[in-house]
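Student: Top line first, the protein sequences correspond to chains V and Z.
Counting from 1, one number per residue, gives the positions in the first sequence under this note's numbering.
Counting from 1, one number per residue, gives the positions in the second sequence under this note's numbering.
What the hints contain is simulated information worked out from the structure, not anything from laboratory work.
Quantities reported herein were computed from a predicted structural model and do not represent experimental measurements.
For every residue, glycine included, the Cβ atom is placed at its ideal position computed from N, Cα and C.
There's no promise every hint is true.
[Unchecked claim] Calculated from the model, a selection of chain V residues having no Cβ within reach of chain Z, i.e. all distances over 10 Å:
#1 Gln-141
#2 Ser-215
#3 Lys-250
[Stated by the list, open to error] Chain Z stretches covered by chain V per the calculated footprint, using a threshold of three residues with CB under 8 Å from any CB of chain V:
#4 8-16
#5 57-67
#6 94-100
#7 105-113
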Amino acid sequence: MRGFAFTLMFVLIASMLLIIVMEAQGWKEGEPEFSSVSKRVDIFEDIAQDHEAILNLSFNATQYGWLSVFFFNDTLPSSIANADEAVSNYVEFVEGRYSNLTNSNISIGSMEPAVVFTSPELEYRYSGWDKEAVSIIGEGQIYFISIRLDKKCTKQKGMSCVPEGDWEWSDSGALVYLDIRDAEGNMPLPGGRVLGFVDLERFNYFSIKLVGRGSLTVYSYNNEFRVEPTRTRASVNSIVGIFNFEESIKAELPLEVAVDGTEFENPVIYEA
Amino acid sequence: MRGFVFTLDAVAASAFLIAMLSLLFLLASIEPTQRVEEHFAADVLAVIGEGELNVGEIKQLFLISNKCGSIVIRNEGGDIIEGVSACGCQLGTEKLAYRTAARLREVDEGESELELFTMEARVCERVQP
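Working from the sequences, and respecting the hints, build out all of it.
Tutor: See below:
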């Protein structure tokens, strides 16, 4: 009788413990292992690094007190021949060959040609991977835009680089300096000068004609500053100043990737 | 008194069982040592990034980490275009990691093409002779 009672109690307690342990194991089943998570993150970081390489944009940002200053050094259009097609090939390569190699299911949801600053809000966004136009979108207070063209302006009535359009300098708004020169160093004077205030809510634009049916169009509207060179190569260096009371700068890439069911988005590529 | 002794015996036996089970689960949850090689393979590719292979630096990386293995870069077609080997691994002991590398190669003045590569790291533990 004593032996029976002892065995019964032992079996009861041991069974209870076993059930608890098995339950605890069950909670862990849905969670991926650390090494698996680490592999997924590695793959995402890898794609983000490639995204940055394809974008081929050099930028920097500094905080001066309450003013964030962004520097962009760029060349338009993209030096990559058939850039949109090249990026499609890249996506295919990642979702195919790279997926097989890493034994993972990789899917690129979206990969946009832009750099997005979240603090303060500013976007440097191309019209496409061909980089035929670039827009600087944000509530900037200062814009210094320097453009060097590889073609010369056509002459109109003996004058070079005569801007056509409707560019109006105002008494307040964003401080804008437009340092634009053609291949011969001629400088267009939109609205009669190159420095002044611009109301970014108003639609301002001007265009200059270049030899060989080339042109350069610049416009500003609704907090967007757009530079669009056509049939010419333009080296575009921009400096943008924005008041930022948070005193921190962060930039992300607009990228969405799913690796083995885990979704990653917008990798941070700059923090200061 | 008898009941107390029975309970004490049962608790002691259960405690022994718990200890045994805990040990079993502990042993099962220990990360296999091979994982170290897996991490090293991934890390070494991350360090190299999109750059060119520097033979000296890579060999030093393997040496100071007490690892053997190799790193190769393959083009889109899968052909090896660059490779570095630190020291040999026994068949079946290697751990692998991969990375992609998209690079712009200038083909003409102001014109470039996008080249896609895969980098492959094979790593194993360096066994002392």
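Student: Indicate, hint by hint, whether the structure satisfies it.
Tutor: Results for each hint:
The beta carbon of Gln-141 of chain V is kept farther than 10 Å from every beta carbon of chain Z, the shortest such distance being approximately 34 Å. With 10 Å as the threshold on Cβ separation, the claim that Ser-215 of chain V sits away from chain Z holds: the shortest Cβ distance comes to roughly 19 Å. The Cβ of Lys-250 of chain V sits about 22 Å from the closest Cβ of chain Z, beyond the 10 Å cut-off, so the non-interface label holds. Note: the region 8-16 of chain Z has 5 residues with beta-carbon separation from chain V under 8 Å; the three-residue rule is met and the coverage holds.
Counting residues of the region 57-67 of chain Z whose C-beta sits closer than 8 Å to any C-beta of chain V gives 0, which falls short of three, so the coverage hint is violated. Check result for the region 94-100 of chain Z against chain V: holds, 4 residues qualifying (beta carbon to beta carbon below 8 Å, three or more required). For the region 105-113 of chain Z, the proposed coverage by chain V is satisfied: 6 residues have a C-beta within less than 8 Å of a C-beta in that chain, meeting the threshold of three.
When each numbered hint is compared with the structure, a violation occurs for hint 5 only.
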